[in-house]
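Peer 1: Sequence:
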Amino acid sequence: MKKFTYLLSVLFSTFLSIYLNAQQTVDSSKLTLERIFNSDEFQQEYSGAYKWLGTGDFYTTLEKSDSVKGGRDIVKYNTLTGDKNILVKANEFIPDGADKPLRFSSYTWSDDLSKLLLFTNTKRVWRANTRGDYWVYDLDKDKLFQLGKELPESSLMFAKLTADGKKAAFVSQHNVYIQDLENMKITQFTFDGTDEIINGTFDWVYEEEFNCRDGFRWNHNGNYIAFWQLDATGTKNFLMINNTDSIYSYTIPVQYPKVGEPPSSARVGFIDVNSGKITWIAIPGDPKQNYLPRMQWIGNSDKLLIRQINRKQNEENIWVYDVITGDLKNIYTEKDEAWIDIDHPDIAQTRRGMGEVDFLKNETDFIWCSEKDGWRHLYKRSIDTDKEILLTPGNYDIAALYGVDEKKGYVYVSASPDNSTQRYLYRVALNGSDKLTRITPAQIPGVNFYDFAPGMSFAVHTNISHNNPRTVDLIGLPKHNVIKSIVKNEAFLKKMATISTGAIEFFKVKTEDGIEMDGYMIKPPDFDPNKKYPVLFDLYGEPWSSTAIDVWGDLWHQMLAQQGYIIMTMDNRGTPCLKGREWRKSIYRKIGVINSHDQAMAAKEILKWNFIDPDRIAVWGWSGGGSMTLNLMFRYPEIYKTGMAVAAVSNQLYYDNIYTERYMGLPQENMEDFTQASPITFAKDLKGNLLLVHGTGDDNVHYQNAEALILELVKNNKQFQMMSYPNCSHGIYEAEGATMHLYTLLTNYLMEHTPPGGR
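Okay, so the sequence shown: first residue is -7 according to the numbering used here, each after it adds one.
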């Protein structure tokens, strides 16, 4: 009997295995949440970190060591020939008394390549891991040592070497220090650093909205350090609450100036390293009504350029300060009826962090970006005169500036005059004598990014499109010849070829107001033009991002297309498209109003298409896209039947001052605009199915937004569903399993309330 039972068990297991294998074969072309979020079968290939050396004739990479387990060598490559040699072996990174090499997150070279600065043991500060431990490897002395060893563990920030590699400076606990690398002596230069007096770095809102993190700069000779000091004593704390990590709940304070609250005051000073004296630069204007978002040394001079923008962010002054003479000069003022961007938001932003103004070698002429003639153009200006040369004339926008090849007389830019959904490399003449010339080959469509070597003769080129996930090449310029293919993603493309994917189609739609919007849609793989399909709109719609861009798509959206949904996205007025200043800034003081109107009017036209089911229209979005979802559900319930809003701003008064006042003005002056911009004002008009999702530990869009909206919906007896993720931030990923859970929730809610499939 036991033998018979055993045989039955074997037979059952065999048949089950055959069945499951058959099912796997049948379903291998189908995407699932488990495959997308809990497996590694769709991992793309990415290029490793590299560092240009000198002008770019050489570069270094980190590569697995053959001799030290778990270690990485620093390998030097000849950019043109590909010849390589190990510059620093992994065993050099083993500290005294340790048996393993340091695992460092990043590294930087001194200008003379005699010293290597390693960043290890990093800790997160708001968005990024910007504090940790720093080590220096001295190549000449074959010596490895730790900076600021006596200071608290993982407390150092933004360590930088002087050009000659003899000193290092860093911030610890909001104070500035210098360490002499010959005698290891540490000197503290500021002593007032606290949670409220912030030296050499920034508060939450400067980081979030101005991309400010690293708050000090060595001059070329290493005898001065310029730095920011923020005084946040008047900034109120927003208290987040943690209910789960201990028996008793506790609050987490975040310095967070809400819209209408005054900014932290900021000032710039410089340290004379030899004497220790700190001199503060007296920039005119009330520091509580102005920002200082950018500061830099001009070339190798002893002059500082400081950019000041007023609280409303519609007037910018550029100051030049001579640290030797003490002279302060205003060299340029720009005004705009709406706002001025310190960093122009675009998918092709070439600078990560705090971009600097590009100066020519004479340290007098510089390249300036302005929208003053209605288009985003580049000008060559001088700090000595008001004379300027327009470098990019015409009715088109520059997306980003890559840099200047002064030797050859070119300025390299990102642009796409004929198609706002794409980006290409162009050049113009530095003297303004030539037209825009495209450098990216015609056979390479989509969005293209370039990381130029300092000498501007080489670049790392990344191409992405809806047909191409990512390719990375090392190229030579100006011919754009490929020297080396770095990433091909062939394995990923081969994997995707086994998946049944829907066609991606770009389109333009013109509203009854005459506004033409770019968009794209993903159709179901088995699309039948004689049937009507449900639509899920994926939207953002605010001034900081575009979505209708020619880049590789989202696998979750492809999975939904397989289920029988058409996925669409469109860019309304106010998004940073390359369509001129008026397109981008027409949203001023009308966030929530003009963007939702454009989206609804475009959807109204789309509902006329024969293959669209007007009774199955859904919308979803995250952050600003969540706010857009709420506005569409509340303001246009006749169009949108189901909405899923993640981490949404429900009341414009709840968000931070820098972002909101830039686009909306001051609530003390135009409160009605804030009322009309806020989804919560129209919550009473909800008719469809609404899912709210929010992390309770969101330090960006506070959970307060969800609770206030819940109360308004309850007051008006509007039924909805809500999911909170305890202690999760704006990205909702910290809790174990959060990402999988969230997308399961979104998928199930969509399928329940907006059934899939053509009818």
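These are calculated hints, taken from the structure and not from any lab test. You may find that some hints are simply not true.
Heads up, simulated BS3-like pairs for lysine-lysine below, C-alpha to C-alpha not over 30 Å straight-line [what the hints assert, rightly or not]:
1. 76 x 92
2. 61 x 476
3. 304 x 364
4. 633 x 679
5. 364 x 353
Quick list of the computed label-pair ranges, beta carbon to beta carbon [unchecked claim]:
6. 56 x 253: 22 to 32 Å
7. 307 x 33: 47 to 57 Å
8. 505 x 118: 35 to 45 Å
9. 728 x 477: 18 to 28 Å
Glycine included, C-beta positions come from ideal geometry on N, C-alpha and C.
Peer 1: To test your reading of the hints: which numbers does this structure violate?
Peer 2: Violated hints: 6, 9; rest satisfied.
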